[in-house]
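Line by line, the protein sequences are chains A and B.
The working numbering numbers the first residue of the first sequence as 1 and each following residue consecutively.
The working numbering numbers the first residue of the second sequence as 1001 and each following residue consecutively.
FYI, nobody ran anything at the bench for these hints, they're computed from the structure.
Hints are supplied without guarantee of correctness; some may be wrong.
Pairs of lysine to any residue, SDA-like flavour, derived with a Cα cap of 20 Å [to be verified]: (1) A:42 to B:1046; (2) B:1153 to B:1243; (3) A:42 to B:1032; (4) B:1153 to B:1247; (5) B:1153 to B:1103; (6) A:42 to B:1033; (7) A:42 to B:1048; (8) A:42 to B:1045; (9) A:42 to B:1195; (10) A:42 to B:1051; (11) A:42 to B:1037; (12) A:42 to B:1026; (13) A:42 to A:13; (14) A:42 to B:1035; (15) B:1153 to B:1142; (16) B:1153 to B:1244; (17) A:42 to B:1036; (18) A:42 to B:1041; (19) A:42 to B:1044; (20) B:1153 to B:1252; (21) A:42 to B:1039; (22) A:42 to A:24; (23) A:42 to B:1047; (24) A:42 to B:1052; (25) A:42 to B:1028; (26) A:42 to A:11; (27) A:42 to A:53; (28) A:42 to B:1043; (29) B:1153 to B:1256.
Some chain B residues flagged as far from chain A (calculated, every beta-carbon gap over 10 Å) [what the hints assert, rightly or not]: (30) 1154; (31) 1197; (32) 1247; (33) 1277.
Which bits of chain A does chain B cover? Going by a derived footprint, with three or more residues having C-beta under 8 Å, they are [as the list claims (entries may be wrong)]: (34) 25 to 38; (35) 44 to 51; (36) 61 to 75.
Each residue gets a CB set at the ideal place from its N, CA and C atoms; glycine is no exception.
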Amino acid sequence: MNTSKAEMREPTYFLLASLLDGPLHGYAIIQRAAELSDGRVKMATGTLYTALDRLTAEGYVRLVSEEIVNGRARRSYGLTESGSAALRAEATRMAAAAELVTRREMRSRRGAAIRKERLA
Amino acid sequence: MSLLERRCRTLLRAYPRWYRRQRGDEMLATLLEASLPGQRWPSARDTRALIMGGLRVRATQDQRLSTAANLRLAAQLGAALTLLFLIASSLTSAILIWAHIYAQHIGSGLWSVYGLLGLATVVAAWFAPRLAVAVLAAATAAAAVWAYWGSGKALAILPAGLLIMLAVLACLGERLPRSWLWLAGAWFGWNVLEALTVLEPLRFLSVPLAVVPLIILGLVAGWAFVDARPAMAMAIFVACIGVVYQLLSSVSYGWAVVSPGPGLLIFVAAAVVLASGSFWRLRRQAVL
Chain A
1 MNTSKAEMRE
11 PTYFLLASLL
21 DGPLHGYAII
31 QRAAELSDGR
41 VKMATGTLYT
51 ALDRLTAEGY
61 VRLVSEEIVN
71 GRARRSYGLT
81 ESGSAALRAE
91 ATRMAAAAEL
101 VTRREMRSRR
111 GAAIRKERLA
Chain B
1001 MSLLERRCRT
1011 LLRAYPRWYR
1021 RQRGDEMLAT
1031 LLEASLPGQR
1041 WPSARDTRAL
1051 IMGGLRVRAT
1061 QDQRLSTAAN
1071 LRLAAQLGAA
1081 LTLLFLIASS
1091 LTSAILIWAH
1101 IYAQHIGSGL
1111 WSVYGLLGLA
1121 TVVAAWFAPR
1131 LAVAVLAAAT
1141 AAAAVWAYWG
1151 SGKALAILPA
1161 GLLIMLAVLA
1171 CLGERLPRSW
1181 LWLAGAWFGW
1191 NVLEALTVLE
1201 PLRFLSVPLA
1211 VVPLIILGLV
1221 AGWAFVDARP
1231 AMAMAIFVAC
1241 IGVVYQLLSS
1251 VSYGWAVVSP
1261 GPGLLIFVAA
1271 AVVLASGSFW
1281 RLRRQAVL
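When you get a sec, could you build the whole thing from the sequences and use the hints?
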């Protein structure tokens, strides 16, 4: 299993996030990832399966069920524990990174307001 | 089957057969579900992603094997390519003896038997059960010794050795991938046609055929970034024909008659460069 703490790319993040509420099949993952990202992440089918192969090999995603729909295999994928942990870690990292910027912004706004008051 | 489904299936051919067997139906279902009503062509984004995804899977398919397994496959292909070169030469010799272009030192029938058996062995290495490969290789080796007995006895060592190597590797190791058949086919076809350009009706082919080995080598060199095993096989071919065959010719006919000369060193250098470059690439591609 890959334990690398490398930054997760946005499609991977939303793919994993799409599985938070439970296992989904290929097309449902594409739809849910697009929904969660406000349409920013529109995964092509080839990209989805490349990502699923990689995430399965890394132990973040697992095959949950397989059924035949209209004569074709439909597989559902779910998050593993390490997949959930990686997703949480990425969310925490992004939240900390966002907080750093917003806190500075707030501080500088407050500073500018105080300077304005003093000048007045 | 709708037009869209047929086009999606064509696009899925970018992936190797074993992958399509595992994922093909599932990917097709997803592609069709994601399509708009009345859509006849896969979207440009899907087309690009499928082609890139297929190439990526093909590029990493030898990563499923260890370096040792990949080397065994490269050695099998190298033996097959060298045998195809020798077989093409014996089959065309038989044709040219029959056409009275070559003098009939020994029966053209013997060269034909050796050539046809050899061709069957190489084809069997891809398709037939292991026992069949071993039996055919033994029969071809016997025919090779018999055929070379009248000309240069020592030359029989090369095909016999390669046949033993091919049979042992085919029996112990992995089956040669079908995606390499184009290389074997192109190689054999070129060698046969090139030798037959001495015949008047085929003489016009001699100039265009001179470019074919360069194209094949270019394709193999380019493909080495994706799969280094065919390049390693080419290194084996260069070593066998450029070095071993030349030395055996000198042993057979005498050093005064066939002197290897500086050309031998060029072949040694080419084989070393090809083998070391492809081995370096292979190590980077393999997982174990």
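Okay, the hints, checked on the actual structure:
{"no.": "1", "hint": "A:42 to B:1046", "result": "11 Å, holds"}
{"no.": "2", "hint": "B:1153 to B:1243", "result": "17 Å, holds"}
{"no.": "3", "hint": "A:42 to B:1032", "result": "16 Å, holds"}
{"no.": "4", "hint": "B:1153 to B:1247", "result": "13 Å, holds"}
{"no.": "5", "hint": "B:1153 to B:1103", "result": "19 Å, holds"}
{"no.": "6", "hint": "A:42 to B:1033", "result": "14 Å, holds"}
{"no.": "7", "hint": "A:42 to B:1048", "result": "14 Å, holds"}
{"no.": "8", "hint": "A:42 to B:1045", "result": "10 Å, holds"}
{"no.": "9", "hint": "A:42 to B:1195", "result": "56 Å, violated"}
{"no.": "10", "hint": "A:42 to B:1051", "result": "17 Å, holds"}
{"no.": "11", "hint": "A:42 to B:1037", "result": "19 Å, holds"}
{"no.": "12", "hint": "A:42 to B:1026", "result": "19 Å, holds"}
{"no.": "13", "hint": "A:42 to A:13", "result": "13 Å, holds"}
{"no.": "14", "hint": "A:42 to B:1035", "result": "13 Å, holds"}
{"no.": "15", "hint": "B:1153 to B:1142", "result": "12 Å, holds"}
{"no.": "16", "hint": "B:1153 to B:1244", "result": "14 Å, holds"}
{"no.": "17", "hint": "A:42 to B:1036", "result": "15 Å, holds"}
{"no.": "18", "hint": "A:42 to B:1041", "result": "18 Å, holds"}
{"no.": "19", "hint": "A:42 to B:1044", "result": "13 Å, holds"}
{"no.": "20", "hint": "B:1153 to B:1252", "result": "6 Å, holds"}
{"no.": "21", "hint": "A:42 to B:1039", "result": "18 Å, holds"}
{"no.": "22", "hint": "A:42 to A:24", "result": "16 Å, holds"}
{"no.": "23", "hint": "A:42 to B:1047", "result": "14 Å, holds"}
{"no.": "24", "hint": "A:42 to B:1052", "result": "17 Å, holds"}
{"no.": "25", "hint": "A:42 to B:1028", "result": "18 Å, holds"}
{"no.": "26", "hint": "A:42 to A:11", "result": "8 Å, holds"}
{"no.": "27", "hint": "A:42 to A:53", "result": "18 Å, holds"}
{"no.": "28", "hint": "A:42 to B:1043", "result": "12 Å, holds"}
{"no.": "29", "hint": "B:1153 to B:1256", "result": "17 Å, holds"}
{"no.": "30", "hint": "1154", "result": "51 Å, holds"}
{"no.": "31", "hint": "1197", "result": "45 Å, holds"}
{"no.": "32", "hint": "1247", "result": "47 Å, holds"}
{"no.": "33", "hint": "1277", "result": "28 Å, holds"}
{"no.": "34", "hint": "25 to 38", "result": "holds (count 4)"}
{"no.": "35", "hint": "44 to 51", "result": "holds (count 7)"}
{"no.": "36", "hint": "61 to 75", "result": "holds (count 6)"}
In terms of the numbered hints stated before, the structure departs from hint 9 and from no other.
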